[in-house]
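Colleague: Quick note, the sequences are listed as chains L and B, same order. Each step along the first sequence adds one to the number in the numbering used here, with nothing skipped, and position 341 is 330. Counting from 1 along the second sequence, just add 8 to a position and that's the residue number in the numbering used here.
Since the hints were derived computationally from the structure, they do not count as laboratory data. A hint or two may mislead.
[To be verified] Here are some, though not all, of the chain L residues that point toward chain B, as calculated from beta-carbon distances under 7 Å: (1) Q72; (2) D240; (3) H241; (4) Y243; (5) T438; (6) G442; (7) Q740; (8) T741; (9) W744; (10) E782; (11) F784; (12) K886; (13) R887.
[Stated by the list, open to error] Think about it this way: if two alpha-carbon atoms lie no more than 20 Å apart in a straight line, the pair counts; the simulated SDA-like pairs of lysine to any residue are: (14) B/K35 <-> L/M679; (15) L/K880 <-> B/F37; (16) L/K886 <-> B/G38; (17) L/K886 <-> B/K35; (18) B/K57 <-> B/E22; (19) L/K878 <-> B/S105; (20) L/K880 <-> L/D672; (21) L/K880 <-> B/R36; (22) B/K35 <-> L/G359; (23) L/K886 <-> B/G48; (24) L/K331 <-> L/G359; (25) B/K35 <-> L/H734; (26) B/K72 <-> L/H734; (27) L/K879 <-> B/G38; (28) B/K35 <-> L/E742; (29) L/K987 <-> L/E742; (30) L/K901 <-> L/G916.
Just so you know, even glycine gets a beta-carbon here, dropped at the ideal spot from N, CA and C.
As a plain string of letters, each chain reads:
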Amino acid sequence: MSTRLAQGGRRIDRRKSVEFRFNGKRLKGYEGDTLASALLANDQMMVGRSFKYHRPRGIVASGAEEPNALFNTGEGATFEPNQRATTTEIFAGLEAKSQNHWPSLEFDIGAVNAKLSRFLPAGFYYKTFMFPRFAWKHLYEPFIRQSAGLGRAPEAEDRDGDTYEHFYGFFDVVVIGGGVAGLQAAKAAGEAGAKVLVMEQTAQWGGRAAVDGGEVDGAPVADYIAATVAALEAMENVTLRRRMMGAGVYDHGYLLAYERLRDHCPDEAGPRHRLWRIRAGRIVTATGAIERPLSFAGNDIPGVMLASAVRDYIVDYGVSPGDRVVVVTNNDDAYRTAIAVKEAGLSVPVIVDARVGGGGALADQARALGIRVETGKGIAKVHGTKRVEGVAICAQAGEGAVLDEVGCDVVAMSGGWSPVVHLWSHCGGKLNWDEAQACFRPDGNRPPTDQDGEGFVLPAGAANGELGLGAGLTDADAAGKRAADETGHKPGRGKAPVAADVDEAALEPVWLMPQGAGAKLRMKAWLDYQNDVKVSDVQLAAREGYESVEHTKRYTTLGMATDQGKLSNINGLAILSDALGQPIPQTGTTTFRPPYTPISMGAIAGEARAEIFQPLRRTPMHDWHEANGAHWEPVGQWRRPYCYPKTGESHAAAVAREVMATRESLGLLDASTLGKLIVKGPDAGRFLDMLYTNMMSTLKPGKCRYGLMCSENGFLIDDGVVARLDDDTFLCHTTTGGAERIHAHMEEWLQTEWWDWKVYVANVTEQYAQIAVVGPNARKVLEKLSEDDLSAEGFPFMAWKDVTLNRIKTRVYRISFSGELSYEISVPASEGRALWNMLLEAGDEYGATPYGTEALHVMRAEKGFIMIGDETDGTVIPQDLGLHWAISKKKEDFLGKRAQERSHMTDPKRWKLVGLETVDGSVIPDGAYAVADGTNANGQRNVQGRVTSTYFSPTLGRGIAMGLVLNGPDRMGEVISFPGTDGKTYDAKIVDPVFYDKDGEKQNV
Amino acid sequence: MLILECPYCGVKGEETEFHGGGEAHLKRFGPGSSEEDFEGYLFHRENPKGVHLERWRHVNGCGKWFHVARDTATLEVFGSYSAQVTEPPQEIKDAISAKRPGWSWREFA
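Take the sequences, apply the hints, and build the full model.
Modeller: Printed below as a string of structure tokens:
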């Protein structure tokens, strides 16, 4: 059983006991424990069930590479799934629950999948697509949904109770990794005067050097670590951060780092996580190396662990994973584990070394401690189900015939070390295959390059394939100096610290154990623990023709779990290479993508939550709308009143009331959100002639003209009324959503095509409030407030005029989007609310009724006026909408003119705008299509048109609509059918789109 | 994420400050142009693996358009220059030639 040892544990403080809960049980650990070490100390060897077969799984690793020990932690506002036990520090009150099992961890129904494993081969998911459609719906999908997923999603109503933030940082040199290599690189760069950031993903500096031991400059490595950290802390130009991970390296020295501030102390104040957005001159990746598992039958049974992890738990946490530890290896490093186990007073029944020649100095040391060493041997099989009970030993060169049985409760395995090349590779750093160490390592000649074409990432130490302590320190010192030099600093002459490396015998690659393992053994030899991918799956994929490593990955899901194949990728591609009969470098690796380990969604969002997720734009009358019960409609970042329902009134009833009040007497609209662009200069008229389809240069000062704007591709992009303020100045109204877009459109043409034209454009949308005073009594209200001549003759339709209303100076446009007598009054934004109040008061005797966007829409539809975004969708040209009258025939050129001459644009079969009147007065559903006879090649009904706007018209007491219909204008009176998604069919008569006041008698009074 | 220099502001900015605007130095063809010329102007774009001349706008800055000479494969930036020119100025051409001898772009090199 696994237990806490009486002594030892560098990272824990035995005086500080910490109580936490696991699956409801109260357990105790010490301050400094990870959840993984604390669980092992409590003999919780089994921690979860695997994803596909629901096999019992235990802790394998001691760091970020852990594939199995994932937990749901916290509750309610602090709940989070898939938290890695090996990187979760315990604290008083921590709640952890195991995942992916039902009803309990010990007894799990889903384990029956293991019995069905014959029917769940590699590519199972894809193979289901080849079966009949009904099988997918009724058989596979329910099954896959049932078994999919690791942790559970947070409850929909729960909100994350923590805060998060983004942080910006600018450094000459950023060192990722606070092991001995990272510390030395930071010191070398810092001493040269570079501005340095060094980060360590765990809570402790020094990495695994202190566990592995050795001497630096004649003193224990722990002393070197302490002295170097102290030296760095004393440098003003160096920033040190623990619990911070380099998540991703991006173009031009951009780096994301993920700092976990309060995961280990949730009761303290401040943000929980911080996402650092860093620009670095040079990035030193001192990210260490990860040990590889060995592939033998039963290598996933709880108790089979990485040799280095066994050593870490003993040395760092004073935790024994088991009393009897069998070590199996293909290299010398694992002997360190055997020695550590022995020194802790535990037993090592045997070291199984796959190499015929065995190990070097460390092996001699192990033998001297009395440990039995078997060379040229392998593990044929691990015994046990929920924990290891023993191993069967065989010849590595054979097929698995059992030579000996050894009882044990832990198997410590080592297949060699893989440098962590992820951050080197994120932005394009290339790798070389190192035959001697059987690993990929960075190719210094092909680094990721920055804006100057220079390499900006420097790998250092074990991450660069320099696995020995001495070699790693020398390499890191050089990397730190070079990073400083390349960012314009003069490196010091100080020598790299000296450490003697133990003479190790060469590693021998072992990708399958034993070498000739038969099908039965290969089906139990796991590569990817989290996604349940076995040696046999990769071999099957190769047989089925998946020769590319990227295809095999997706087909088998190897390396696609939340650990992203940190343990499995190299072993998997070695198996694939073997199956394909090609060398490993020819197979290559899959792409390393950020983040290195998953980061929280909260950190990504940062402060951008709730009301500051995006800015809200408010008109000067916003508060009045809010106080008077407006039902809001978001329009871009604006909020506009949709309608103003009275107590107990439905929205539909409110809209109808607003329309009728306006048509019969007086309505008021807050039109402030309309885009307002000032176009000014001697060439302003010429410029607008290019932008609008109609002629604007002939417009007289004091007059308004409706205009259409098209893209160079011919499609209608915006419309609005242009007023000429003086010879050189135009005010162009755009749609509410179009102000910024059209402003940018104008700037683009001015700056990049007609840059010699003398024109300025300014967006003054927010500088003015605008109120539409609409209805038969509109003039009477204004005349009450003004001495100016507002008569039909003195102020005709489509004119504008400066008018003083009760001492407020305003500009009034006599334009109408409703078909009524209408004045749009523009004042500086600061006067908007005062004017609104004044108009409400003056209009009171006429029952002045504020109306919202829906009433506006209904009234414009009754008049057959188009709306950008309803009648247009980026594929509609003005000619489709019967707007020929607004397209100049005199102008030689305007944006879109050439495009509209193309054959497709002049095709008589283009659908054209018409009005639609339902036969029974009902309202056609939004987006409905008109069907025609017959079916298309896909067996779908042919269509002959679609609805673009559809409303209930309170004025006419019936449903009205506009739509684009094949040959529509030539088919007046014909009835066509619109099937709805509600099962009903709506028959509608094609009519003129102007439903109300065709002759304009109401607006021209 | 790229770092670009706006030649109007003279400041280096994050890519998020800018908005890309596609290929630079397009010649506009309007009414009266042939179908081929208009098609080429509206739709056909260079898509090199290597030197690319492109438009950017400093949207979250001065609002000005400018041009950038950049390598699409390595993302190396050779320089940024005014949008009010019909081909890259000599110093930009020289900067590209120094790093990518023999480069060419449509009708000029």
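Colleague: All hints, please: hold or fail.
Modeller: Here's how the hints hold up against the structure:
1. Contact between L/Q72 and chain B, as hinted, is not supported at the beta carbon level, the nearest pair being about 29 Å apart and thus beyond 7 Å.
2. Taking 7 Å as the C-beta cut-off, the interface hint given for L/D240 holds, the closest approach to chain B being about 5 Å.
3. Annotation: interface hint on L/H241 holds; nearest CB of chain B at approximately 5 Å, less than 7 Å.
4. With a cut of 7 Å, the hint placing L/Y243 at the interface with chain B holds, because the nearest CB-to-CB distance is about 4 Å.
5. A distance limit of 7 Å between C-beta atoms decides the matter here; for L/T438 the minimum to chain B is near 5 Å, and the interface restraint holds.
6. This hint holds: L/G442 has a C-beta 4 Å from the nearest C-beta of chain B, less than the 7 Å allowed.
7. The criterion of a C-beta within 7 Å of any C-beta in chain B is met by L/Q740, whose closest approach is roughly 4 Å, and the hint holds.
8. The closest approach between the C-beta of L/T741 and any C-beta of chain B is roughly 5 Å, which is under the 7 Å cut-off, so the hint is satisfied.
9. The restraint placing L/W744 at the interface with chain B holds, with a minimum CB-CB distance near 4 Å, inside the 7 Å limit.
10. For L/E782, the shortest C-beta to C-beta distance to chain B is roughly 41 Å, which exceeds 7 Å, and the interface hint is violated.
11. Residue-level restraint check for L/F784 is violated (minimum Cβ-Cβ distance to chain B is 37 Å; threshold 7 Å).
12. Residue-level restraint check for L/K886 holds (minimum Cβ-Cβ distance to chain B is 5 Å; threshold 7 Å).
13. A least Cβ separation of about 5 Å between L/R887 and chain B falls short of the 7 Å threshold, and the interface hint therefore holds.
14. Restraint check for B/K35 and L/M679: the C-alpha separation of about 16 Å stays at or below 20 Å, so the hint holds.
15. Pair hint L/K880 plus B/F37 holds up; C-alpha atoms about 16 Å apart against a cutoff of 20 Å.
16. A C-alpha spacing of about 8 Å is found between L/K886 and B/G38, which places the hinted pair at or below 20 Å, so the restraint holds.
17. Distance check on the hinted pair: L/K886 and B/K35 sit about 16 Å apart at the alpha-carbon level, within 20 Å; holds.
18. Taking the CA atoms of B/K57 and B/E22, the gap is about 23 Å. The hint is violated against a cut of 20 Å.
19. About 48 Å separates the Cα atoms of L/K878 and B/S105, which puts this hinted pair outside 20 Å; it is violated.
20. Taking the CA atoms of L/K880 and L/D672, the gap is near 16 Å; set against the 20 Å cutoff, the hint holds.
21. Taken as a hint, the L/K880 and B/R36 pair is honoured in the structure, with Cα atoms around 17 Å apart against an allowance of 20 Å.
22. In summary, the hint linking B/K35 to L/G359 is not supported, as the alpha carbons are separated by about 84 Å, beyond the 20 Å threshold.
23. This hinted pair checks out: L/K886 and B/G48 have alpha carbons roughly 16 Å apart, not beyond 20 Å.
24. Annotation: proposed proximity of L/K331 to L/G359 holds, straight-line Cα distance about 9 Å (limit 20 Å).
25. Distance check on the hinted pair: B/K35 and L/H734 sit about 18 Å apart at the alpha-carbon level, within 20 Å; holds.
26. Taken as a hint, the B/K72 and L/H734 pair is honoured in the structure, with Cα atoms around 12 Å apart against an allowance of 20 Å.
27. For the suggested pair L/K879 and B/G38, the alpha carbons sit about 15 Å apart, so the restraint of at most 20 Å is met.
28. Between B/K35 and L/E742 the alpha-carbon distance is near 9 Å, which keeps this suggested pair within the 20 Å criterion.
29. Annotation: proposed proximity of L/K987 to L/E742 is violated, straight-line Cα distance about 42 Å (limit 20 Å).
30. A threshold of 20 Å between alpha carbons decides the hint, and for L/K901 with L/G916 the separation of about 16 Å falls inside it, so the pair holds.
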